[in-house]
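Spelled out, the chains give:
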Amino acid sequence: MSHQTNQRDRDGDAVATHRTMEIAVALLFALVAAVVMYDSNRVGNGWASDGPEAGYFPFYVGLIMFVSSCVILASNLLSRTPNTTAFVERGQFILVLKVLIPTVAFVGLIWVLGIYLAAAVFIAFFMYWLGRYPITRILPVAVLIPLALFVMFEIWFLVPLPKGPVETMLGY
Amino acid sequence: MEALMNLMHGFGVLADPMNIVYMFVGITLGVLIGVLPGLGGANGVAILLPLTFSMSPTSAIIMLSCIYWGALFGGAITSVLFNIPGEPWSVATTFDGHPMAQQGRAGEALTAAFTSSFFGAFLAVILITFLAPVIAGFALRFGPAEFFAVQLLTFCSFVGMGKESPFKVLTAMMLGFALAAVGLDTVTGQLRMTFGTIELLRGFDFLIAVIGLFGIGEILLTMEEGLAFKGKSARINPAVVLHTWKQLPKYWITALRGSIVGCWMGITPGGATPASFMSYGLAKRFSRNGARFGTGEIEGVVAPETAAHAAGTSALLPMLTLGIPGSPTAAVLLGGLLIWGLQPGPLLFVEQKEFVWGLIASMYLGNVVGLIVVLTTVPLFASILRIPFSIIAPIIIVICAVGAYTVHNAFMDIAVMLVFGVLGYVFKKLSYPLAPLVLALVLGDMAESSFRQAMLLSQGDLAIFWSNPLVGSIVTLALAMLFWPVISLAIARLRARQGGKAAVSLK
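Chain order of the listed sequences is A and U. Numbering-wise (our numbering), the first sequence opens with residue 1 and increments by one. Numbering-wise (our numbering), the second sequence opens with residue 173 and increments by one.
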């Protein structure tokens, strides 16, 4: 019982507070804005003989972004009542990672196996890992969905999708 | 009168039976997108856009706009049966729709929702039919300064009207503009922010951003809530439909008010979400049953649905006439037009008459088809929602990946989509708005080129934006919108001070 309560307490722990994330994201934006301004300056942000230079418009975009992210940053740093509620709780974060990590792996697999086979593996893995479905329910979904995509894209609408060694072997 | 003649001509364009087939396919796909968690109108249209590349522009836009209508209808199904608003603008529909379903009146609530959606959309289409040619005719006289002024107004109104912090709106919007600037500068031919990589030459396509932000981001959010769908079953039969239809005329004032609010908010880029809340609030305030709102009042379903659909539909008016989309989904449709080589804006009405009027005619027919499709297929779509998340989530992710790849046939785009997905998740949680980012990404090039042209004309003098009463008043209005948060704060302070003085003098 106490073990369960401990587990729940840990699940409720904040991975990061709202304030930390606000500051981190504002810093990131300020950095992006600085890059935009730097590059606009490189290509020229002024007036050439034939009109505005390539960096003329983006420079001001970067400037506005820099100023507004600095305001967000300052308001979070200086706030007397910072929002210290959890941005994401540990339990939630683990759930998010449970989707995100397989999705990253799926994107990597597309490169190696082509999208159809990668999709089949991804759907099967997801259903087995998170849904705990028996193989008899996993197989039809994992096979039929990529097959339906294949028919729809390659055959009906003639839109080629990334294919891998298996499709090559089958003559596609 | 001329508008009517043109409209008749438009219906003639639709006479091709294939177009009617595309219409049905579009509506069905749209409802499916609206029902599936994590797939909304904007990214649904974005994913399916490549499928239409092989069609004629008219057929393609008919199918895409029908997906849009379908998605608008689909949102109501999830709101009423599952208390999960599939789209932000269906949040207000859950207030009374879901209690009705809990009382076993799901069929009634859905019929009311669909019929009022139809009503709102229909009034908005009538508005488009008669107003669009007038606005387009007027806009034909616009120069680059006027176009930039209108675009400025669009963006500034996000700052003034958004409920998020104005600085967050600005940051998100500028990120959109910055991403739009990446790649080849079409005027000077210089490379901007590519840092020597070939992949960045293409720039950031807003379709990829939309799929990531709205699709993957939404899946991550849904997963975080550990969502389990528990829905009410829906039985819709002709008797329920007829019974509900008999009651609806009683609420004609609510429906009309909702439509007017919706049309107004759709044309000015307020959007469907605030429109639905505003209409719900007004109905609650003015209705005789106002106190019972929230407990399952049919009027509480009519009000937000008419407004949301009127707004969603009339968002296409500025898109067609000025090239400025009123909503993220309209922005994706605009992207579609650009891909087919059609430049949205006033010239479209002159150069592509057949296309424009075919589209407007399809709005009439599409909504009728939509009403028929949703009324007959609700139980089918509701059953899709009962499929557990661990099956539907990977399928949606696969569909998003396919959609992202097909935009440019580039593997890199799938990875970019994933990054946008994480960004979308963080943005939603920190309440950075997504709509201004998407619109800036879509309109970035257009806004930049009209700004540069205007600057060229004036040799860099900003006074060109006040050079005539028209452009001057639009720019002034835009600046008022931009500084609205400051202005409203000042007014409130002033009032409080006066109120304080009045209270003191009363003592």
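Source of the hints: derived by calculation from the structure; they are not laboratory data. There may be inaccurate statements among the hints.
Partner residues are not named here, just some residues of chain A that face chain U (Cβ under 7 Å, in silico) [claimed, not checked]:
no. : residue
1   : D13
2   : W47
3   : G51
4   : Y60
5   : V61
6   : Q92
7   : V107
8   : M127
Beta carbons are placed, not taken as given, at the ideal position from N, Cα and C, and that holds for glycine.
Hint by hint, here is what the structure shows:
For A/D13, the suggested interface contact is broken, since its CB lies about 15 Å from the closest CB of chain U, more than 7 Å. For A/W47, the suggested interface contact is upheld, since its CB lies about 6 Å from the closest CB of chain U, less than 7 Å. At a threshold of 7 Å, the smallest CB-CB gap from A/G51 to chain U is about 5 Å, leaving the interface hint in force. The interface hint given for A/Y60 is violated, since its Cβ lies 9 Å from the closest Cβ of chain U, which is over the 7 Å cut-off.
Proximity of A/V61 to chain U holds as hinted, the smallest CB-CB distance being about 4 Å (cut-off 7 Å). Checking A/Q92 against chain U: minimum C-beta separation of about 4 Å stays under 7 Å; hint holds. Annotation: interface hint on A/V107 holds; nearest CB of chain U at approximately 5 Å, less than 7 Å. With its C-beta approaching chain U no nearer than about 6 Å, A/M127 sits inside the 7 Å limit, and its interface hint holds.
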